[in-house]
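Q: Just need the whole structure built from these sequences, with the hints factored in.
Residue numbers (the numbering used here), protein chains in the order written: chain A, 1 to 122; chain B, 123 to 626.
Calculated from the structure, these hints are not laboratory results. Check each hint, because a few of them may be wrong.
Simulated crosslink set (SDA-like; lysine to any residue; CA at most 20 Å straight-line) [unchecked claim]:
| id | chain 1 | residue 1 | chain 2 | residue 2 |
| --- | --- | --- | --- | --- |
| 1 | B | K152 | A | I6 |
| 2 | B | K127 | B | T177 |
| 3 | A | K118 | B | K127 |
| 4 | B | K191 | B | H271 |
Footprint (simulated), chain B over chain A, 3 or more residues, beta carbon under 8 Å [as the list claims (entries may be wrong)]:
| id | segment |
| --- | --- |
| 5 | 6-16 |
| 6 | 86-100 |
| 7 | 103-111 |
Every residue, glycine too, gets a C-beta built ideally from N, C-alpha and C.
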Amino acid sequence: MSVTAITPDYQKHIEFRDLEKNFHGNRLVYVHWEEHLSFCSAIAFPLPGAMPFSAFVDEVIKPHYAAHPDAGNIDWAKVVWMIDGVKTMPDMSKSLEENGMRHKSLVRFWTPGLNGFKGSAS
Amino acid sequence: MTAKKLGLKQRYAHMTRGLDWETTYQPMDKVFPYDTFEGIKIRDWSQWEDPFRLTMDAYWKFQAEKERKLYAVLDAFAQNNGQTNLSDGRYVNVVKLFLTGISPEEYQAHRGFAFAGRHLRGVGPRVAAQMQSLDELRHVQTQIHTISHYNKYFDGIGEFPHMHDRVWYLSVPKSFFDDARTAGPFEYMIAIGFAFEYLLTNLLFVPFMSGAAYNGDMSTVTFGFSAQSDESRHMTLGIEVIKFLLEQHPDNLPIVQKWVDKWFWRGHRMLGLVAMMMDYMLPKKVMSWKEAWDIYFTEAGGSLFQDLARYGLKVPKYADVATAEAEHISHQNWAVFYQYTHAAAFHTWMPDKEHLDWLSEKYPNTFDKYYRPRWEMWAQMEKDGKRFYNMALPQLCNTCQIPMAYTEPGDPTTIAFRESRFNGDTYHFCSDGCKDIFDGEPEKFAQSWLPVHQIFQGACGGPTVPDVLNWYRLNNGADNLDYVGSPDEKLWNQWMAGAVKAAG
Ligand SMILES: [Fe+2]
Ligand SMILES: [Fe+2]
Ligand SMILES: [Zn+2]
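A: Given below as C-alpha cells:
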C-alpha cells in the first residue's frame, strides 16, 4: 500500500467512487475535438457499451460540438481518431465495446484542415 | 518587598510552565497516537522555539482590540452605502468567489489546526497551532460579517456554506482541504502551515486585498488589515515547522520533500482561481497574474529555497512547469467559467477591447497568438446572438478536480492528458504534477468525489442542469450567467443613474 495511514486495514475501507457498476448500466466516455479549445476540455458522457460507434458520432459528438463555426465543415470520412492513446479507425457499425472502449476511455479526434478560429486552435 | 515586573520571556515561561507534562495514567503514545505514524522522527520537542511568545491572556486582549476596530469600519461602510462606491458592479463577483471558495477553507483551517494543536505532543507547536486555530475561526466569522452586507443587494452569496459542499468548482478548494485534514498532523502542518501559509499566501491575500483597495471595497481591505498580524504568526509557524522537522532527523527529509512537492502543486492548481480573478475579474487591475507569480513565487520563493538548501530540501518538483503556466492559467480558467457560466454562482463577462489590450500588453508572448482569437471569436458569436455555451459536462482531473483544460508544457494548442491505472480502473489527470500525487497515494485519490461523475451516478438532484442547480441552491437566472443582463447589473445601473441625477 502506498498511502501512509494510521488505520492498519485502510485498504479494506477504500470506497472506489467511480466503478463502472455505479453508473447504472453505462460506462464513462470522454471525447475531445483536438485544435478546438473553445471547448475548454474533453467532455464526459455516461453511455452504454453496446452503443454503435456511428450513434456515438451522430447523437453525442455532433450535437455537442455543433456550436463551433468549424463544426459544419467537418468531413467525417477524413477524421483521425485516437482511442486511449492509440490512433485507430473505429468500425462505425460496431459498438463502443467492440471498438475497444472500456469504462473511462478517452476518444480524441482531429479534423484535418480545420484547426480552429483563424488557425488558433480555438 | 514589591514584586518585580517580569520580562516578556520570563512571563511566557511562567504562563506556559508545565504544559508539556509527561502523562502517567496512560502512556504518551496512547495519548498522542497521531504524531508517529507518518514516519517523522522527533528527538527533542523542547528544541522548538516560539518566536512570538504570545500568552493566551495577551492573545485575547489583542484580538478583541482588532475586532472593535474592524466592526466600527464595517458599521460605517454599511451606513454610508459603501457598496455604491465600488469601481463597478462586476467587482462584487470577486467577493462572491472569495466567500464561496476561500472563507469555508478558513473554517477548514480552523478545524485542521485544532487537530494539530491536540495531537502534536510538543508544547511549542501545540500552543501555536491552537492559536492559529482560533485565528482561522475568527477569519471565517469576520469574512462572513464583512460580506453579509453585500448579501443585502447582490445574488450568489446567501447559500455559500451549502454551495461549498456541492458546487462543481468549489470541490477544488474543498477537496484540497479535505486532503490536508485527512492526512496526519505533520503533513497537515507542511501542507497548510508551510506550503499554503508561508510559500503561497502572498499569491492569495495580496491579490484579493489590493484588488479590494483598488476597487473601492473598503470593508474587505479592513478585514485584510485585521488578519495581517495573524498571518505573520501563521507564516512564522509554517517556516518554524519545516526547519524543526528537517533539523530533528535526517530521515525526515525525503518525507518532507514529498509533501512539499505535493502541496506546492496542489496549491498552484488552486491558485489558478486567483489568477483568473486578477486578470479577468477586477474592473481596476492591480497587476497581472504573471507579474504576481514572478514577484511572489519566482523571486521570494527562490530565496526561500536557497535558504532551505542547507537542510537538503530542493525547490518543489514542477516549479518550472508552474512558472511556465503563469502565462496561460488565467486565460484557460476564465474560458472554463465563460462557457459554463450557466452553472457558476457568480457572473462572467466578455472582456472588452481595453481589457484585451491590457492582456496583450501583459502577456506579449502568448495572448495575441493563443487567447485573443478565442475571445474575439466568442465576441463575434455574442454579437450574432449565438453566445457560446458548453452544454456537455467537462472531464475532470482526478486529483485537483478542475476541468482538464490545461495544455501541454510548451504547446498551448494541445490539452495535456495524463492517466494511471489502479485496481483495474483508469484515472485521468491534467498534469504530471497531479498524476504524481495520485500515484503516491492511489488508495486515497481513488475515493475522490468528482462532481461530474456524481451527477452521472444520480447523486446530485437529477440528470438535467436545472435539477443540479436546484440541488446546489443556485438561483437559476439570478446567481448564474453573464453579468450583462443580470439583476446585479440592473441594480448597479440604477444606483449609478441615481448618483448622476443627485449630482445634478
Ligand atoms: Fe486565515
Ligand atoms: Fe492564515
Ligand atoms: Zn489536476
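Q: A separate judgement is required for each hint: does it hold in the structure or not?
A: Tested hints:
For the hint pairing B/K152 with A/I6, the CA-to-CA distance comes to about 13 Å; that is within 20 Å, so the pair holds. Of the pairs offered as hints, the one joining B/K127 and B/T177 holds, with about 16 Å between alpha carbons and a cut-off of 20 Å not exceeded. For the hint linking A/K118 to B/K127, the alpha-carbon distance of about 77 Å lies beyond 20 Å, and the restraint is violated. As the CA atoms of B/K191 and B/H271 are separated by approximately 17 Å, the hinted pair is consistent with the 20 Å bound.
With 6 residues bearing a CB less than 8 Å from a CB of chain B, the segment 6-16 of chain A meets the requirement of three and the coverage assertion stands. Check result for the segment 86-100 of chain A against chain B: violated, 0 residues qualifying (beta carbon to beta carbon below 8 Å, three or more required). With 5 residues carrying a beta carbon less than 8 Å from a beta carbon of chain B, the segment 103-111 of chain A meets the three-residue requirement, and the given coverage holds.
Hint violations for this structure: numbers 3, 6, all remaining hints satisfied.
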